[in-house]
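> Chains as they are written, first to last, in the working numbering: chain X, 1 to 313; chain A, 1 to 313.
Worth double-checking, as some hints may not be accurate.
The list treats identical chains as one, so a pair stands whether inside a single copy or across any two.
Unchecked claim - Keeping only pairs whose Cα atoms sit at most 25 Å apart, straight-line, the calculated SDA-like set for lysine to any residue is:
1. Lys139 with Pro251
2. Lys139 with Met255
3. Lys307 with Arg45
4. Lys307 with Leu36
5. Lys139 with Asp70
Hint data in this document are derived by calculation from the structure and do not stem from the laboratory.
2 protein chains.
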Amino acid sequence: MDPASSAGLPQGDHRAPSGSSAAARAPGVRAASPALLSINTATVRAQWTMPQIVDALQRHGIRGIAPWRDQVARDGLMDTARRIRDAQLDVTCYCRGGMFTATDPAGLRAARDDNRRAVDEALALGARCLVLVVGGLPKDSRGAPASKDLAGARGMVRDGIGALLDYARPAGMPLAIEPLHPMFAAERACVNTLAQANDLCDELAPGDGPALGVVVDVYHVWWDPCLEREIARAGAAQRLLDYHICDWLVPTTDMLNDRGMMGDGVIELPRIRGWMEAAGYRGAHEVEIFSERWWKVPGDDVLATCKARHAAA
Amino acid sequence: MDPASSAGLPQGDHRAPSGSSAAARAPGVRAASPALLSINTATVRAQWTMPQIVDALQRHGIRGIAPWRDQVARDGLMDTARRIRDAQLDVTCYCRGGMFTATDPAGLRAARDDNRRAVDEALALGARCLVLVVGGLPKDSRGAPASKDLAGARGMVRDGIGALLDYARPAGMPLAIEPLHPMFAAERACVNTLAQANDLCDELAPGDGPALGVVVDVYHVWWDPCLEREIARAGAAQRLLDYHICDWLVPTTDMLNDRGMMGDGVIELPRIRGWMEAAGYRGAHEVEIFSERWWKVPGDDVLATCKARHAAA
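Throw the hints in and build the complete structure from the sequences for me.
Laid out in structure tokens, this is it:
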């Protein structure tokens, strides 16, 4: 069975060759353990509700799930938490808190309150961590940038994470800063490298790795010449809280919703996983794919493809 | 006169507010000197031939030009060189050499030969430096990525620059490495931060700043949390060879050809210029805008807008 063709995915002329064979040859890196596969619910958000996703993961023998807040809210937090518990799924993270930047004190307070609710929800779901997408430049009421002060935005992010940590740490919910690709610096997250996230952790929670850490999402960091070093640094400080996988397509036709399935792009996934493992990471490999293409594929085919591709990723 | 409206540029709903007023308030940074304005010929490539561009720059009193190879080739190297000399324009850089990565020795040799020709052309034009866009992952004959080995590509780039330096240094043509935005890592350039470019300079030409340096293009590096530090580092080593300006639009609708006019996006141009000046840079401010929108605007309106916006950039 060829999961890609069974899924009916169009094979573009200019896509990179499948990474499966290259991946299998990666020196010193074993096949990924199927037990570590987790599915971020955004990957099948267009196809299924939360109850359907939970059922589908059981059907496919996948043991990890990473729910998004809006999807959880649609079907109810307590109902979702019960379904996940009954299915004995591992909640590898909860997506997401963050968006700490704002133009005024009222906006900052609203962000603080919303983040505390996200921590409460993550606790109710039994999530291993709450992912933080920290926010970009402050926005006006229409969603347009209201400031160009990138350094100021980064200061708000530092303060916001620091304040949330005071709430999340005693509650026992680890916070995981997710550096986003630099192309999202203005609109989504002004933490754009793993080094920057590690610096924030060192500043805000020195010596307290499990309380504040990072998510390594290959889509955002694969290009970084310092990636291996910064993964090792995060690992040494016990800060590697989650690992997200997908692929970078060539060409990428949409900055937000054209992420690739593992093997369809140019990211050396086995190499990066090797760096994670060398840094002591033993957690989940969470598939998070925002893709107008994959959202059109039947959910069962998406999951079958995720399983097949994960083995070589 | 409002240069933007005279140019008939559509004003999108979600574009950032004009930066002119904010720019004027930037502390400790004076207005940009009109004498330093240079126009990269890509900015008006859809409107004009090289002779027309040279004439237009004289008409507008703009003293700097940065030609692209394909535009020069269309009208002839020697003819272009003569026109530029007669117009007494300052050739602030020549675009571009690079593309050092290839799948086989023949491809590497072809790149080497082509880069030597680019050095020769830059000398004929009297350019201050040859810009290097170093290339991404090696491509197959159809232009698709033929490898995922990013570290290997970076090694080819290092070797390629080193070899070209042996040719360019005795000829007296400085090479300027241009780090490109990480979103171009696969397709155009696997040097993606100024730190990485500085590291290459230190490795290949220690203590020889003028022979090998960097181009700081705000579009590619504005997001970098280490930007101020790395500009200072390059300046201290006499490696700041050129400065490119434009703006990052929100939203950006096309990764390649949706760059903004200064003031229409979110880049704090006066702040970055201040870092350049503090690092000792006294060279040109070169406007390089790849934009399907601006390519539809009459060239004289584009240049008038560049002049007006440059004053506050």
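> None of the hints should be skipped; say for each whether it holds.
For each hint, the structure was consulted:
no. : hint               : verdict
1   : Lys139 with Pro251 : between (30 Å within a copy, 12 Å between copies)
2   : Lys139 with Met255 : both (19 Å within a copy, 22 Å between copies)
3   : Lys307 with Arg45  : within (17 Å within a copy, 48 Å between copies)
4   : Lys307 with Leu36  : within (10 Å within a copy, 57 Å between copies)
5   : Lys139 with Asp70  : within (21 Å within a copy, 41 Å between copies)
Against the hints set out earlier in the document, no violation occurs for any number.
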